[in-house]
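Chains as they are written, first to last, in UniProt numbering: chain C, 1 to 258; chain A, 1 to 258.
Think of the hints as simulated: they come from the structure by calculation, not from any bench. Glycine included, C-beta positions come from ideal geometry on N, C-alpha and C. Careful: at least some of the hints might be erroneous.
[Claimed, not checked] Sample of chain C residues lacking proximity to chain A, with all beta carbon distances greater than 10 Å (derived): (1) 62; (2) 150; (3) 168.
[Said to hold, decoys possible] With a straight-line cut-off of 25 Å between C-alpha atoms, the simulated BS3-like cross-links for lysine-lysine are: (4) A:203 to C:32; (5) A:203 to C:126; (6) A:183 to A:32.
[What the hints assert, rightly or not] Under 10 Å between C-beta atoms, here's a sample of chain A residues computed to sit facing chain C: (7) 38; (8) 128; (9) 144; (10) 164; (11) 207.
Protein chains: 2
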Amino acid sequence: MNQSVTANPPRIWTAALLVIGDEILSGRTQDKNVAQIATWLNVQGIRLAEVRVVADKTDAIVEAVNILRARNDYLFTTGGIGPTHDDITVDAIAEALGVAVVHHPQAVAVLERYYETRGGLTETRKRMARVPDGADLIENRMSGAPGIHIDNIFIMAGVPHITAGMLDALTGTLEGGLPVLSKTIGCWVAESEIAEVLRTAEKTHEGVAIGSYPFFREGRTGANFVVRATDPELLDRCIVDLTDALVATGRDVTAGGI
Amino acid sequence: MNQSVTANPPRIWTAALLVIGDEILSGRTQDKNVAQIATWLNVQGIRLAEVRVVADKTDAIVEAVNILRARNDYLFTTGGIGPTHDDITVDAIAEALGVAVVHHPQAVAVLERYYETRGGLTETRKRMARVPDGADLIENRMSGAPGIHIDNIFIMAGVPHITAGMLDALTGTLEGGLPVLSKTIGCWVAESEIAEVLRTAEKTHEGVAIGSYPFFREGRTGANFVVRATDPELLDRCIVDLTDALVATGRDVTAGGI
Numbered sequence: 001m002n003q004s005v006t007a008n009p010p011r012i013w014t015a016a017l018l019v020i021g022d023e024i025l026s027g028r029t030q031d032k033n034v035a036q037i038a039t040w041l042n043v044q045g046i047r048l049a050e051v052r053v054v055a056d057k058t059d060a061i062v063e064a065v066n067i068l069r070a071r072n073d074y075l076f077t078t079g080g081i082g083p084t085h086d087d088i089t090v091d092a093i094a095e096a097l098g099v100a101v102v103h104h105p106q107a108v109a110v111l112e113r114y115y116e117t118r119g120g121l122t123e124t125r126k127r128m129a130r131v132p133d134g135a136d137l138i139e140n141r142m143s144g145a146p147g148i149h150i151d152n153i154f155i156m157a158g159v160p161h162i163t164a165g166m167l168d169a170l171t172g173t174l175e176g177g178l179p180v181l182s183k184t185i186g187c188w189v190a191e192s193e194i195a196e197v198l199r200t201a202e203k204t205h206e207g208v209a210i211g212s213y214p215f216f217r218e219g220r221t222g223a224n225f226v227v228r229a230t231d232p233e234l235l236d237r238c239i240v241d242l243t244d245a246l247v248a249t250g251r252d253v254t255a256g257g258i
Numbered sequence: 001m002n003q004s005v006t007a008n009p010p011r012i013w014t015a016a017l018l019v020i021g022d023e024i025l026s027g028r029t030q031d032k033n034v035a036q037i038a039t040w041l042n043v044q045g046i047r048l049a050e051v052r053v054v055a056d057k058t059d060a061i062v063e064a065v066n067i068l069r070a071r072n073d074y075l076f077t078t079g080g081i082g083p084t085h086d087d088i089t090v091d092a093i094a095e096a097l098g099v100a101v102v103h104h105p106q107a108v109a110v111l112e113r114y115y116e117t118r119g120g121l122t123e124t125r126k127r128m129a130r131v132p133d134g135a136d137l138i139e140n141r142m143s144g145a146p147g148i149h150i151d152n153i154f155i156m157a158g159v160p161h162i163t164a165g166m167l168d169a170l171t172g173t174l175e176g177g178l179p180v181l182s183k184t185i186g187c188w189v190a191e192s193e194i195a196e197v198l199r200t201a202e203k204t205h206e207g208v209a210i211g212s213y214p215f216f217r218e219g220r221t222g223a224n225f226v227v228r229a230t231d232p233e234l235l236d237r238c239i240v241d242l243t244d245a246l247v248a249t250g251r252d253v254t255a256g257g258i
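Turn these sequences into a full structure, and let the hints steer you where they fit.
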């Protein structure tokens, strides 16, 4: 893919995330990968456009993979790449792509080295070297089994600190656009009282998105307003104008948020 | 809906969850509603089958609502029901259902009462009384604006403690099947070493699902194994057999997990 250079509007690169795992859907495990990957993607200039969480079921994975990879620049998956019976991600993605599953020689070598002092590479452990035919590897800096890259799909571990290591290995390697910048201001105000101020600020600064995040603390109502844009000057202009508009309604505004 | 009484297999009731909000996709906010709603659904005898996270965009919400409500018994949504410009959930769901948006008289009354001592019910705040035509309300025990119920859709707040209050108000009101029970055992073992034991235990106890969740603690490798079933006797039998099989490989097993 080549990034075309256009002045306005800049191309927006998008990614989807597919979280695979009964443990998330059962409520047993609190997902941490959505926030972690979203934050990392922002820095790469890629926007996380949608997330799906599906069970360890081939049909559900195949359906999601085929829709999400087609309509986004990148698809990330987390979970289901271990050695046990409930780890079916590689098989399901190979099925979605219509390719065979093969042992990747380099992955076998990595696992042989990793398990050399850990009881040896058994047949079960060798399962973690299985990849969709044509894939290459994502370095796993935390434990043995590597992640997998094929087409625009990045197949990652489910355990968050292992995922983090794989993201680290991918940093700077993906083509993206301008990173989305954000600034936050906060106000002790019920968001319903200044909804019109927010609406006007967003409308009069084309290219920004303003999110309003209410909270209740110390018995008081407040809200943080997050302004996002790819253009730093536009972002600053909107923050200044929104701050002025809020001050004009008689409120104190806290830069950086409350 | 009537629940038919059949001995075997029991009907499985499913729900989907649609999380609506740029704040989750930007990585700014760590979602807590997936785990919270999944856990609550289990107790109601309903299985969380799939989750999607979409941006504050009408098209994305409409698409997800129409697919998810059609193939699940219930659809829950969180987020986007406040008074500000980025709160478009009600309009999008009304569009998905092909109905108008109206002010719900009871919601107006609730908001009038709530805001009586909080500066009065402004036009902006009255936005929170808007519902798809034909909807009824879900009591909000934490703050003013109620949740909304229409057809098999439950439209909830995004702020987790407000969502929790709405779930509390719904407890026991939804028809479900047998709750999914689970028991956990733990072992200081690399899951790759006992993958075959797990596979056999799942195969020989039809109706159970076994999840394997590895971890690294204190420099050691371990895993917890979660056995799930709706039949308590089957669950206990599987736990006993799996424990015996693990002990037979020379490992200590910790009941309840490590």
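Going through the hints against the structure:
no.	hint	verdict
1	62	14 Å, holds
2	150	23 Å, holds
3	168	16 Å, holds
4	A:203 to C:32	31 Å, violated
5	A:203 to C:126	22 Å, holds
6	A:183 to A:32	23 Å, holds
7	38	3 Å, holds
8	128	7 Å, holds
9	144	9 Å, holds
10	164	13 Å, violated
11	207	15 Å, violated
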